[in-house]
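Novice: Sequence:
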Amino acid sequence: MKKGSVIKYLLLLLTAFGLYWFSNQSSRPDQEISFDRSLTPLIYTKHARCRMDCRHIDEAEVQEILRNGKINYQKSEPDSKPDPKFALEGITRDRQSVRIIFAPSKRGMVVITCIDLDEEWTCHCN
Numbered sequence: 001m002k003k004g005s006v007i008k009y010l011l012l013l014l015t016a017f018g019l020y021w022f023s024n025q026s027s028r029p030d031q032e033i034s035f036d037r038s039l040t041p042l043i044y045t046k047h048a049r050c051r052m053d054c055r056h057i058d059e060a061e062v063q064e065i066l067r068n069g070k071i072n073y074q075k076s077e078p079d080s081k082p083d084p085k086f087a088l089e090g091i092t093r094d095r096q097s098v099r100i101i102f103a104p105s106k107r108g109m110v111v112i113t114c115i116d117l118d119e120e121w122t123c124h125c126n
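In our numbering, the protein residues as written are 1 to 126.
One or more hints might be untrue.
[What the hints assert, rightly or not] Here are the simulated lysine to aspartate or glutamate pairs, DMTMM-like style, with alpha carbons at most 25 Å apart:
1. LYS46 with ASP83
2. LYS106 with ASP58
3. LYS106 with GLU89
4. LYS46 with ASP94
5. LYS70 with ASP94
6. LYS8 with ASP58
7. LYS106 with GLU64
8. LYS70 with GLU59
9. LYS75 with GLU89
10. LYS46 with ASP116
11. LYS70 with GLU89
12. LYS85 with GLU59
13. LYS46 with ASP36
14. LYS70 with ASP118
15. LYS85 with ASP53
16. LYS75 with GLU120
17. LYS46 with GLU64
18. LYS75 with ASP118
19. LYS46 with ASP118
20. LYS46 with GLU120
21. LYS46 with GLU77
22. LYS106 with GLU77
[Claimed, not checked] Ranges between beta-carbon positions, derived for each pair:
23. HIS124 with SER80: 33 to 43 Å
24. ARG107 with LEU12: 43 to 53 Å
25. ASP53 with SER97: 17 to 27 Å
26. ARG93 with HIS47: 15 to 25 Å
27. ARG37 with TYR9: 15 to 25 Å
28. LEU13 with THR45: 41 to 51 Å
29. LYS75 with ILE7: 19 to 29 Å
30. HIS47 with GLU89: 10 to 20 Å
31. ILE91 with ASP53: 37 to 47 Å
32. GLU120 with SER38: 45 to 55 Å
These aren't lab readings, by the way, just hints derived from the structure by calculation.
Bear in mind that the values here come from a model prediction, so they are computed numbers and not experimental data.
Virtual Cβ for every residue (Gly too), placed ideally from N, Cα, C.
Assemble the whole structure, with the sequences as input and the hints as a guide.
Specialist: Okay, here's the thing in structure tokens:
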């Protein structure tokens with residue numbers, strides 16, 4: 001192999017490795033440790049209440065997702081100020097696949113919104 005070809009191959013390999021490493025950094029699995037699922041009280045925003053009503057998600061299901069849901073770091077904003085936001089996903093007891101956005105704060109755990117990942121519901125939330 002020619003010296004120029006080897007250098008091009010190594011640069012391509014380094015670039016591919018760099019892209020792979022960078023894309024895996026966005027998943028931030030180490031960040032889950034800093035998400036305190038036990039914060040109380042649960043504080044529901046007006047928007048969250050409206051979305052829960054539209055999508056037939058009750059408080060018990062929100063609490064279940066908070067306890068057992070998996071953090072989707074692609075949809076989370078752990079560095080957001082003033083409060084980080086975490087997107088937790090899971091299946092409710094009535095088999096809805098949901099994403100619920102939580103924001104731990106000094107006042108408690110704020111529920112920002114609730115999303116049904118499988119079905120579009122008609123909502124008129126402002």
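Novice: Can the restraint linking LYS106 and GLU77 be considered satisfied, given a maximum Cα separation of 25 Å?
Specialist: 17 Å, holds
Novice: Would the pair LYS75 and GLU89 pass a check requiring their Cα atoms to be no farther apart than 25 Å?
Specialist: Between LYS75 and GLU89 the Cα gap is close to 10 Å, so the pair holds against 25 Å.
Novice: A range of 10 to 20 Å was offered for this pair. Does it hold for the Cβ distance of HIS47 and GLU89?
Specialist: Once the Cβ atoms are compared, 19 Å apart, the range 10 to 20 Å for GLU89 and HIS47 holds.
Novice: Quickly compare the C-alpha distance for LYS106 and GLU64 to 25 Å and report which way the hint goes.
Specialist: Distance ~22 Å between LYS106 and GLU64 Cα, so the pair holds.
Novice: Is the Cα-Cα distance between LYS70 and GLU59 25 Å or less?
Specialist: 18 Å, holds
Novice: Given the hinted pair LYS85 and ASP53, is their Cα-Cα distance within 25 Å?
Specialist: 22 Å, holds
Novice: Tell me if the beta carbons of LEU13 and THR45 are separated by a distance inside 41 to 51 Å.
Specialist: Since the Cβ atoms of LEU13 and THR45 sit about 48 Å apart, the hinted range of 41 to 51 Å holds.
Novice: Do the alpha carbons of LYS106 and GLU89 lie within 25 Å of each other, as the hint requires?
Specialist: The given pair, whose Cα atoms are some 23 Å apart, holds under the 25 Å limit.
Novice: If you check the beta carbons of HIS124 and SER80, does the distance land in 33 to 43 Å?
Specialist: Violated, at about 27 Å.
Novice: So does ARG37 sit 15 to 25 Å from TYR9, Cβ to Cβ?
Specialist: 47 Å, violated
Novice: Does LYS8 pair with ASP58 here, judged by a C-alpha cut-off of 25 Å?
Specialist: 57 Å, violated
Novice: For LYS46 and ASP116, compute the direct alpha-carbon distance and say whether it is at most 25 Å.
Specialist: Judged against 25 Å, a Cα distance of about 17 Å means the pair holds.
This entry does not satisfy hints 6, 23, 27, 29, 31, 32, going by the numbered hints stated previously.
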